[in-house]
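Order-wise, the sequence lines are chains A and B.
Going by the numbering used here, the first sequence opens with residue 1, and the numbers climb by one from there.
Going by the numbering used here, the second sequence opens with residue 1001, and the numbers climb by one from there.
By construction, these hints were calculated from the structure, which means they are not laboratory data.
Chain B residues, not near chain A, derived (Cβ > 12 Å throughout):
id: 1; residue: M1010
id: 2; residue: N1023
id: 3; residue: D1082
id: 4; residue: V1107
For each label pair, taking beta carbons as the anchor points, the in silico distance ranges come out as:
id: 5; chain 1: A; residue 1: K14; chain 2: B; residue 2: E1014; range: 42 to 48 Å
id: 6; chain 1: B; residue 1: A1013; chain 2: A; residue 2: L95; range: 33 to 39 Å
id: 7; chain 1: A; residue 1: N53; chain 2: B; residue 2: M1106; range: 43 to 49 Å
Cβ coordinates follow ideal geometry from the N, Cα and C atoms, glycine included.
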Amino acid sequence: DGGITQSPKYLFRKEGQNVTLSCEQNLNHDAMYWYRQDPGQGLRLIYYSQIVNDFQKGDIAEGYSVSREKKESFPLTVTSAQKNPTAFYLCASALAGVYQETQYFGPGTRLLVL
Amino acid sequence: DAKTTQPPSMDCAEGRAANLPCNHSTISGNEYVYWYRQIHSQGPQYIIHGLKNNETNEMASLIITEDRKSSTLILPHATLRDTAVYYCIAVNAGNMLTFGGGTRLMVKP
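So that you can see chain A by itself, here it is in the shape it has in the complex (with noise of 0.2 Å):
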């Protein structure tokens, strides 16, 4: 099947530890993004890349770290400087990322601390 897939479903940390979340996508996107939402809001963007090895911070970056080492993945890192990480988090991928090209979403991770 083509798509993008989220691991895990959920997520416990405990405070002040790091957690890497998984985002992985078959559909030979070039954009990869990391959405945030809280309860009852939309989403936040939290970093975004265009190519390979390369990646820009979104609005809310802060406590937060990528890498985009593979075209197909784009791992998000929430670290211990994330002072409320407990959230769902989306990825989503397109075609390019520049000019209007639809974005996919993943299932999401719902991340709680513990």
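Starting from the structure of chain A, add chain B where the hints point.
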């Protein structure tokens, strides 16, 4: 990106058409109108998009006013599975999505 305004919630009877409005009075000439929906605890699902002309696909129709200041998403025969939050987004050439609060559509039997 242009800011969009949507009603926070709407109800629709099952089998009837659901008409979801969106205002985007500050939209610029190169911004597309995109619609996504999000069923509880799932990733957003792309529905449809358009620039000037009305668009239709297997999921919905999109009606954009001639001045492009507003649009309406039409689900022609709503089912219970269409209950979701619907987001209207104006997208520029940088392809950034700015999500507002959306419209929570409740389809009732």
